[in-house]
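Student: Please arrange chain B with the ligand on chain A, whose structure you already have, making use of the hints.
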Amino acid sequence: MNVESLYQEIILDHYKNPRGKHPLAEAEGESYQVNPTCGDEVTVQVARDRDGHLHVGYEGQGCSISQASASVMAEMVEGMDVSTADAVRHAFVELMHSKGAVEPDEEVLGDGVAFVGVAKYPARIKCALLPWMALQDAQVKAGIGTEDQGEAR
Amino acid sequence: MTKPLDVARIRRDFPILQRTVRDDRPLVYLDSAATSQKPFQVIDAESDYYRSCNAAVHRGAHQLAEEATDAYEGARAKIAGFVHGRPEDLVFTKNATESLNLVAYAFSNGAAKAQHGDDAIDPRFVIGPGDSIVVTQMEHHANLVPWQEVCAKTGATLRWIGVDDDGRLDLRDLSTIIDESTKVVSVVHQSNLLGTINPVSELMAHARAVGALGIVDACQSIPHMPVDVNELGADLVAWSGHKMLGPTGIGMLWGRPEVLEAMPPFITGGSMIETVFMDHSTYAAPPKRFEAGTPMVAQAVGVAAAVDYLDALGMDAVEAHEHVLTGYALEQLRNVPGVRIIGPQDDHARGSAVSFVVDGLHPHDVGQFLDDHGVAVRVGHHCAWPTCRRFDVPATTRLSTYIYNDTSDIDVAVDGIRAAQKFFGV
Ligand SMILES: Cc1ncc(COP(=O)(O)O)c(C=O)c1O
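Chains as they are written, first to last, in our numbering: chain A, 66 to 218; chain B, 68 to 493.
Pulled out of the complex, with its shape left as it was, chain A reads as follows:
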């Protein structure tokens, strides 16, 4: 186990070139989450269009893991139908709590698989989950899907 397994190329790329990092024009729900031990911050905004697709924007500052995770999340779930987005979030949360024992499914998680190494560093799991918690909370506030409140905690 070494840092290179933690900081995979995909993570570094998302950290340096974040996707979806902008406020949402007509947000229906917003959630600000902070990791009080290290000060990572992220605000996620969500909206749903007429076709039932989810739209996501975010702002944030923090470590590479939290910010790359936000970028991966925004890129992946943008435009997804709500139930698929929820499934992706579930899979990501499960991966983070797996202690490295779960083989991530790239079909479901896309770039999210790069976070597999994070699960072995307990102090960093919170960083990776932060934007996903914000997403869930923002959806709940907007009344968009997710019957699984609180699970990402």
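These aren't lab readings, by the way, just hints derived from the structure by calculation.
Given the structure is predicted, the values throughout are model-derived calculations rather than measurements.
C-beta atoms are modelled at their ideal positions from N, C-alpha and C, and glycine is treated no differently.
Fair warning: there could be bad hints in the mix.
Every beta carbon over 12 angstroms from chain B, so not counted as near; a handful from chain A, in silico [said to hold, decoys possible]:
hint : residue
1    : Leu71
2    : Val205
3    : Gly208
Below, in silico cross-link-like pairs of lysine-lysine (BS3-like), each with a Cα-Cα straight-line distance of 27 angstroms or less [to be verified]:
hint : chain 1 : residue 1 : chain 2 : residue 2
4    : A       : Lys81     : B       : Lys489
5    : A       : Lys86     : B       : Lys161
6    : A       : Lys191    : B       : Lys70
7    : B       : Lys220    : B       : Lys180
8    : B       : Lys70     : B       : Lys145
9    : A       : Lys185    : B       : Lys70
10   : A       : Lys191    : A       : Lys81
11   : B       : Lys161    : B       : Lys220
12   : B       : Lys355    : B       : Lys180
13   : B       : Lys145    : B       : Lys161
14   : A       : Lys86     : A       : Lys206
15   : A       : Lys206    : A       : Lys191
Stretch by stretch, here's where chain B covers chain A in the computed footprint (C-beta under 8 angstroms, at least three residues) [stated by the list, open to error]:
hint : region
16   : 103-116
17   : 185-192
Tutor: Same frame as chain A, now just chain B with the ligand:
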């Protein structure tokens, strides 16, 4: 002349420093401001107490109880002596946070009781609207949040002494901050984030001049330099055992006898009483008044062993050793392009906690790289979030040294920082 520390010999006393971390790298422990490591002398003292004379103190009519009480009170005397205080003026708590809360609650409890007609409360502990409490902008949350709570409960106002760009207190407007309305001045001796050593005796003199009680958070000073509580000029001084080679689970509060005597209790129950009736009670004299319940005897014994250890080295020598390491760390960090030190840039009136940020890198990522090199540092806001905000940084990475570190530890850390910069291409 103080004898320089023999770091190689000292390191042999610390079992944990023999272990490796992350793929068999030697442990480089640079997180002593968070908690220090423990020499076997401390570990053994605690375990010997349990092996040989464990019993409930101050009660029981048997030999073990006598020996346990002696061990506990003997520890109190030794620890008090370490800071030039008297044993009867030293209160044991769970940690410095509890010591500071004990004091803060004396004010909110005092105010509440006075409001309900208890005129036996010393007016110094009766606080309310129009009164002010003064802290600094570099407090640990442990010396900030309890005072925010006191203000919320009593209507008093919180004021603070600002911090300048070099991480020093801005004392220019002191007389408008500490004034006739001030009832409490509570300040950190050495900042755990910035490393700044504050002119506390000067601040305590200001407190005294306006009739306010003066409190010093000495968590980061007592483990690292000679401290004489009388010279500080404070009414109350709080610190923790675990940062001075002692075990976790024990903190200290020293107080001027007359102040302790006047102070309302915090946690109440057994062991802190004088008499108890169904409808009221009277309280024991300090320090027992502030030690409700079964105390942390083994931990007190452990801190006493830590005091023996530090006394044998000499606190002058400890201070001199750390001064050299601090100067070295500042110099080495300054040589790394992109590294900015948060806190005093020079080693004058400065302790060994050195915080810094690296351009383009988040402290968490710096810490991760250092960890990969076997270096243990703290990252984050170090429980001094407003201080981070003052410097417009979300967090910092902090190196902090102690008696078992030498300059080679700092070299390993600096190599780790350079490796992180290289890896992230910044
Ligand atoms: C300056 C300062 N004050 C207070 C504390 C709180 O100490 P403890 O966590 O042992 O209660 C610390 C330790 O983190 C500290 O560094």
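Student: Indicate, hint by hint, whether the structure satisfies it.
Tutor: How the hints compare with the structure:
Against the 12 angstroms criterion, Leu71/A falls within the reach of chain B, whose nearest CB is about 7 angstroms from its own CB. At the 12 angstroms boundary, the C-beta of Val205/A stays outside the reach of chain B, the nearest C-beta of that chain being 26 angstroms off. No beta-carbon of chain B is positioned within 12 angstroms of the beta-carbon of Gly208/A; the least distance is around 32 angstroms. For the suggested pair Lys81/A and Lys489/B, the alpha carbons sit about 14 angstroms apart, so the restraint of at most 27 angstroms is met.
For the suggested pair Lys86/A and Lys161/B, the alpha carbons sit about 45 angstroms apart, so the restraint of at most 27 angstroms is broken. Distance check on the hinted pair: Lys191/A and Lys70/B sit about 46 angstroms apart at the alpha-carbon level, beyond 27 angstroms; violated. Distance hint between Lys220/B and Lys180/B is fulfilled; the C-alpha atoms sit about 13 angstroms from each other, no more than 27 angstroms. For the given pair, Lys70/B sits about 23 angstroms from Lys145/B by alpha-carbon distance, which is consistent with the 27 angstroms threshold.
Under the criterion of a C-alpha separation no larger than 27 angstroms, the hint pairing Lys185/A with Lys70/B is inconsistent with the structure, at around 45 angstroms. Between Lys191/A and Lys81/A the alpha-carbon distance is near 20 angstroms, which keeps this suggested pair within the 27 angstroms criterion. Restraint check: the Cα-Cα separation between Lys161/B and Lys220/B comes to about 24 angstroms, which is no more than 27 angstroms; the hinted pair holds. At most 27 angstroms may separate the alpha-carbon atoms for a hinted pair to count; Lys355/B and Lys180/B meet this at roughly 21 angstroms.
Restraint check: the Cα-Cα separation between Lys145/B and Lys161/B comes to about 18 angstroms, which is no more than 27 angstroms; the hinted pair holds. A distance of roughly 20 angstroms separates the Cα atoms of Lys86/A and Lys206/A; the hinted pair therefore holds under the 27 angstroms criterion. Taking the CA atoms of Lys206/A and Lys191/A, the gap is about 21 angstroms. The hint holds against a cut of 27 angstroms. Residues of the region 103-116 of chain A with a Cβ under 8 angstroms from some Cβ of chain B number 4, which satisfies the need for three, so the listed coverage holds.
With 3 residues having a beta carbon nearer than 8 angstroms to a beta carbon of chain B, the region 185-192 of chain A meets the requirement of three or more and the stated coverage holds.
The structure fails to meet hints 1, 5, 6 and 9 from the earlier list, while all remaining hints are met.
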